[in-house]
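There are 4 protein chains.
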Amino acid sequence: MHDRKLKFGMVGGGQGAFIGAVHRIAAALDNEAELVCGSFSSKPENSRATGEELYLSPDRVYDTYEEMIKKESELPEGVRMDFMVIVTPNHLHFAPAKMALEHGFDVMCDKPVTFSTEEAQQLQEVVKSSGREFGLTHTYTGYPMVKQAADMVREGKFGKIRKVVVEYPQGWLSTPLEQTDNKQAGWRSDPSKSGKAGAVGDIGTHAANLAETIVGSHISELAADVSRMVEGRRLDDDANVLIRFANGAKGVLHCSQICAGDENDLNIRVWGEKGGLEWHQHDPNTMVVRWLDQPAQVYRTGNDYMNDRAQVNTRTPFGHPEGYLEAFANLYKNFIRTLRDKAEGKEPVRDFPGIEEGLQGMKFIDAVIDSGENNAAWTKI
Amino acid sequence: MHDRKLKFGMVGGGQGAFIGAVHRIAAALDNEAELVCGSFSSKPENSRATGEELYLSPDRVYDTYEEMIKKESELPEGVRMDFMVIVTPNHLHFAPAKMALEHGFDVMCDKPVTFSTEEAQQLQEVVKSSGREFGLTHTYTGYPMVKQAADMVREGKFGKIRKVVVEYPQGWLSTPLEQTDNKQAGWRSDPSKSGKAGAVGDIGTHAANLAETIVGSHISELAADVSRMVEGRRLDDDANVLIRFANGAKGVLHCSQICAGDENDLNIRVWGEKGGLEWHQHDPNTMVVRWLDQPAQVYRTGNDYMNDRAQVNTRTPFGHPEGYLEAFANLYKNFIRTLRDKAEGKEPVRDFPGIEEGLQGMKFIDAVIDSGENNAAWTKI
Amino acid sequence: MHDRKLKFGMVGGGQGAFIGAVHRIAAALDNEAELVCGSFSSKPENSRATGEELYLSPDRVYDTYEEMIKKESELPEGVRMDFMVIVTPNHLHFAPAKMALEHGFDVMCDKPVTFSTEEAQQLQEVVKSSGREFGLTHTYTGYPMVKQAADMVREGKFGKIRKVVVEYPQGWLSTPLEQTDNKQAGWRSDPSKSGKAGAVGDIGTHAANLAETIVGSHISELAADVSRMVEGRRLDDDANVLIRFANGAKGVLHCSQICAGDENDLNIRVWGEKGGLEWHQHDPNTMVVRWLDQPAQVYRTGNDYMNDRAQVNTRTPFGHPEGYLEAFANLYKNFIRTLRDKAEGKEPVRDFPGIEEGLQGMKFIDAVIDSGENNAAWTKI
Amino acid sequence: MHDRKLKFGMVGGGQGAFIGAVHRIAAALDNEAELVCGSFSSKPENSRATGEELYLSPDRVYDTYEEMIKKESELPEGVRMDFMVIVTPNHLHFAPAKMALEHGFDVMCDKPVTFSTEEAQQLQEVVKSSGREFGLTHTYTGYPMVKQAADMVREGKFGKIRKVVVEYPQGWLSTPLEQTDNKQAGWRSDPSKSGKAGAVGDIGTHAANLAETIVGSHISELAADVSRMVEGRRLDDDANVLIRFANGAKGVLHCSQICAGDENDLNIRVWGEKGGLEWHQHDPNTMVVRWLDQPAQVYRTGNDYMNDRAQVNTRTPFGHPEGYLEAFANLYKNFIRTLRDKAEGKEPVRDFPGIEEGLQGMKFIDAVIDSGENNAAWTKI
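Residue numbers (our numbering), protein chains in the order written: chain A, 73 to 453; chain B, 73 to 453; chain C, 73 to 453; chain D, 73 to 453.
For the record, the hints were derived by calculation from the structure and aren't laboratory data. Among the hints, erroneous ones may be present.
Here are a few chain B residues that face chain A, going by a calculated C-beta distance under 8 angstroms [unchecked claim]:
1. K79
2. I97
3. L126
4. S129
5. H352
6. H354
7. D355
8. P356
9. G391
10. H392
11. P393
12. E394
13. K414
14. E416
15. W450
Listed next, the stretches of chain D that the computed footprint assigns to chain C, with coverage defined by at least 3 CB atoms under 8 angstroms from CB atoms of chain C [to be verified]:
16. 177–191
17. 334–345
18. 430–437
Note that CB positions come from ideal geometry on N, CA and C, so glycine has one too.
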């Protein structure tokens, strides 16, 4: 039990954005944090309108993140924001993150962590020296079933892991949507905002992070066939990648935004010597576990046989499906729990992705793009 | 855009309860309402501890609902609660609902609406005379896909409806759990708290409401085989029911809490002259639609082909699963929208279940129990 | 190992029929029997054309079943047919079956066994007095997974059985197809050929047989709501039935031929005190088994964990799907094995439905139709 | 209508083999062909015992295929075998195929077509010069739904094809099964019998053939990561492959026999500009078709909306599942139809895989193994 909710501010997430609203719901879902301030857009009128919609006090809605960080840091503890959330396009992650950390604020940031690997490396230094927490919203590892999966692998239930197939087909960029006024498609396919990668950065990093989280080992090298399938597109919209893990497992990662008709089908299968597992994000409360000589089992969230870590990250009883927003909220739940633990002098559990995962994701992007440009040559991460 | 969030209070939902937390998350999910007061338990210390956990001001945590309604009604508008949520066991719905309505508060109430049909009829009168809104949390009709289904039926896409199969198998009461200290099982199987029905009231009413909502017609008569399968149980835990709708459709409703291994599998299939639909609560973002001479179609929430009413009740893009909490939040979203509309002099849409659905549910319970006691004789509702 | 294939003749199954070809494939699938003669149609030219298509010797193609039985019985053993298959409409089962049995031929017959219960009772006497084998093609109990299911129930794996839901929705008679020249629809909806029941006889009997086979107990009483949903139809096309088993289990059986868009969806769920099972004919190699406190299991045919009886009735390794024809062939496999065993003086296993199941099916039809005509009164079988 | 069944002989398929029985069932399923002779094993006593089990005349059971081909060719037409089936391990395909073709017999042969590409090329010459038919049992393209899929792609329903994911995970070689007395595992992992490839030859060729059949274009280059995951195994048991098609599509093929717990999960997804399709061999009567802006559709075999080619290859009405044996039988059905058409002077349709597919498969094996040995370098086929 704590004496007050935590307070947070937001950079980005103004009208027309998608992910900002998701962060706001997720952060507040468990009634442990409340939005108190924001700099929601590079357009002040958008920022103010957003603040009004969100019932913020007008004096806590800022024109720039610099102003927000500066002014908030001058407010007394308990009034000022406790942490700051960054939901801008990729090229606008680094600067506000750095400034917030340096002003003593913990930070939650959307992924990929930065525009470039160099920025990510710098940011890692800033995080370290600041002593603040940095969370990265690789949403999908927030699902309780993913935690169960990772723990079962770690405990050796499947023996040594041999093969991994992780896939992330989407179809929403099957046409040149960025040539319309679609804001999401616009910045994601603009190298000046998204970075060197399109689909690989946007969703390939999620797939890689999911696989590494469950396998419990890093992708150590890869060979990638990277494509721009839609005429005129400036960044990749499809990649097929051979992957090898540090622990000896091999496999395939493919991600695409031109799989016409597919929605958001992040899927993973992992096989070890004794069995394997299969999980689909579109049915996130279910995992099929297979064994060499026994019938497959169907794990379902909310049941007593789920492990503690999964249960802590579940809000409803079995059969009452949880979804994307709850997985997202789990990242915030664990981030906030960590801030509380530190405040209370406890050793924090830190069950959320952070700067290390962010940096690993940037290196993954580099390796995929490099390999793609080098005729799918094996490329180390 | 509105000038402030609405404020609400809660009756019930103290420590050890389940559904109170769900209501709190659901009501606050869209950042349009906030909990400001509560009388969470008949035990004042439980109520106070709950209030503290929820970061309420101690002076807004009350020992009794009577005290809460009285004191809140004396606070100025904008400070006092705007509406009150009732999450107590069934026998404690009527009195607080009546008092709140009579003191000018809108009410959201868990289902079944009251302990008895008589109470429900009285409450209907109170609602009418009060001019306040009364919402009933038949959660499952809050799913956007259920709205889509109901609209497709209403628009005649399937022709005249002929057959309906609605089912609600759960397994959690397969053993005499009420003889342990399980609080949920305890009151649900206690006739003095739950009313004359067990499973029929707890989940049969959900199944009936779902079917009536989608079919767009009331169940007009039924023949029921009602059982207590677990030795020593005081209320029904299983019912198989032949149903006939006012519009001529026929079918089956079965509900059970002794389907060992089943979770919370509310399912419905509806067939008309030209095709039919199938929806499962455990995968709520999907609906299979079948046609006489064409391949079946798979409708999925978040897509552009979904109708407006479904889209308004969806928060995430396709492929980002929403679940039970979001469906629940839709009830609150539409309830709050109605309060806003009335405050602003607009004609409210009222897209949520209310006292009529509540009264119909009580009559359904009466008919099932009566039929069960009369050798499954056809019984009119 | 045996010295020769068995020989069989067929009554019915001429051009335009459906099930005759299924029987011929099924009987010959395991290379243990061959068609040698037939009286395929009441129209001699159809019969002769069918015989020619099937490469039969013209002198073994007969104009009537009477002629066939008589002439074949005069041929020497090893030349004459060993058993006779009946695939005519319902009203033409009894007479050829009786005559064949009385002439010393074993008989395989399509279901329902006869036109009326009286005929079935007579036939039972004939079977007994003849000492011949009589098989009834309740196809669906031929699936290896159904055998596994029945055995797991019998062995008490799920404890005492409490609830059964068996359903058989089809959609092919959603329109008045019998008013076109559709031969299948024609006789099935003609009371002079089909008997007193339409859908109830055609598929309701399959559902009942499946449930009784798996539960290991008879349906002892039922209450039925029987409908003719399509204008002008002369026999029922939909029935919803409350069922009670002799062993105390209760449940629901519904069957329909007006579930527009449904194919042939015979489904069953059975729950006992400790767990339950779920099987769908459209995915016949899979069975989900649920437990009170453990993850559900997915049984799949062809695996080593399947029991002997299932394995004997499986021809392909796991993952190589078997279907309807193989299930049908299992009836013949076991029928033929029984004839072989008797010929060799062994105690036959008789793992196929026979006259008892046939008579029980006729009583089921009587009870459903009677109950339907008596306002769904409970009716004993 | 034809004047007689065709007669066939078999090489291989003695006791202890698996695929021989499958061929025999498949060839005879439609009552258009019958087994008349065989040389079932290199062990004469096994061959004779098999012949006896199959009710063959002892004088038509031969000790060697050479003897069989020679003696049968001396029998008169109508008595001698019309075609010959080869079901031996890979190293024993070429010689009997060549000899049979040269003696005027049509040939059906198991896959991969030969031990080496050189043999396949020679065999192609023999087929051409002989004027006989050569069929190759790439079973999976025999499924009616695969034909529907290929035709929809060819007709441009999905626009230009962009991406293909084809996968074939099996788990049965997760342990060193070849070190037990398992005959199937034994020869498949023995380079002297299987050829240069293990899993890649055994199932990778199926995956490649399926993809090429549906896409309507050849895999033109690939980059492969090929592994022996089980200690001591002499041939590959896992491969992950980047693939590019001649028509510009790109994608992934992975196959494995160490995916513990997987059965025989041949799966394919294909995406074009306007939509895509998904098919799983374990549920072969179903195909999901997705569209850019419309709900996905579920195609099911046996329905009127299926195209002619699919319907010709379907034996049962919708909802009566067909499986592996029926797909296999379709190869024989179309092979036999071709022999009939040629005999009757008609232009044959040849809807079955043949020597071209066989040679392409051998080149695929070469390319995968070469690429694997060259650090996954892009390798042309």
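Tested hints:
1. Because the beta carbon of K79/B sits about 12 angstroms from the nearest beta carbon in chain A, more than 8 angstroms, this interface hint is broken.
2. Annotation: I97/B was flagged as interfacial toward chain A, and the flag holds, the nearest CB pair being 6 angstroms apart, inside 8 angstroms.
3. For the restraint placing L126/B at the interface with chain A, the shortest Cβ-Cβ distance is roughly 6 angstroms, inside the 8 angstroms limit, so the hint holds.
4. Checking S129/B against chain A by beta carbon gives a least distance of about 11 angstroms; that is not within 8 angstroms, so the hint is violated.
5. For H352/B, the shortest C-beta to C-beta distance to chain A is roughly 10 angstroms, which exceeds 8 angstroms, and the interface hint is violated.
6. Using the Cβ-Cβ criterion of 8 angstroms, the hint placing H354/B at the interface with chain A is satisfied: the shortest such distance is roughly 6 angstroms.
7. Among the interface hints, the one on D355/B holds; its C-beta lies about 6 angstroms from the nearest C-beta in chain A, closer than the 8 angstroms criterion.
8. Because the closest C-beta pair between P356/B and chain A is about 6 angstroms apart, less than 8 angstroms, the hint holds.
9. The criterion of a C-beta within 8 angstroms of any C-beta in chain A is met by G391/B, whose closest approach is roughly 3 angstroms, and the hint holds.
10. This hint holds: H392/B has a C-beta 4 angstroms from the nearest C-beta of chain A, less than the 8 angstroms allowed.
11. The interface hint given for P393/B holds, since its Cβ lies 4 angstroms from the closest Cβ of chain A, which is under the 8 angstroms cut-off.
12. The beta carbon of E394/B comes within 5 angstroms of a beta carbon in chain A, closer than 8 angstroms, and the hint placing it at the interface holds.
13. Using the Cβ-Cβ criterion of 8 angstroms, the hint placing K414/B at the interface with chain A is not satisfied: the shortest such distance is roughly 20 angstroms.
14. Of the supplied interface hints, the one on E416/B is violated, with its beta-carbon coming no nearer than about 16 angstroms to a beta-carbon of chain A, more than 8 angstroms.
15. For W450/B, the shortest C-beta to C-beta distance to chain A is roughly 32 angstroms, which exceeds 8 angstroms, and the interface hint is violated.
16. With 0 residues bearing a CB less than 8 angstroms from a CB of chain C, the region 177–191 of chain D misses the requirement of three and the coverage assertion fails.
17. For a cut-off of 8 angstroms, the count of residues in the region 334–345 of chain D with a CB near a CB of chain C stands at 4, and the three-residue condition holds.
18. Figure legend: the region 430–437 of chain D, annotated as covered by chain C; annotation inconsistent (0 residues with Cβ-Cβ distances under 8 angstroms, at least 3 required).
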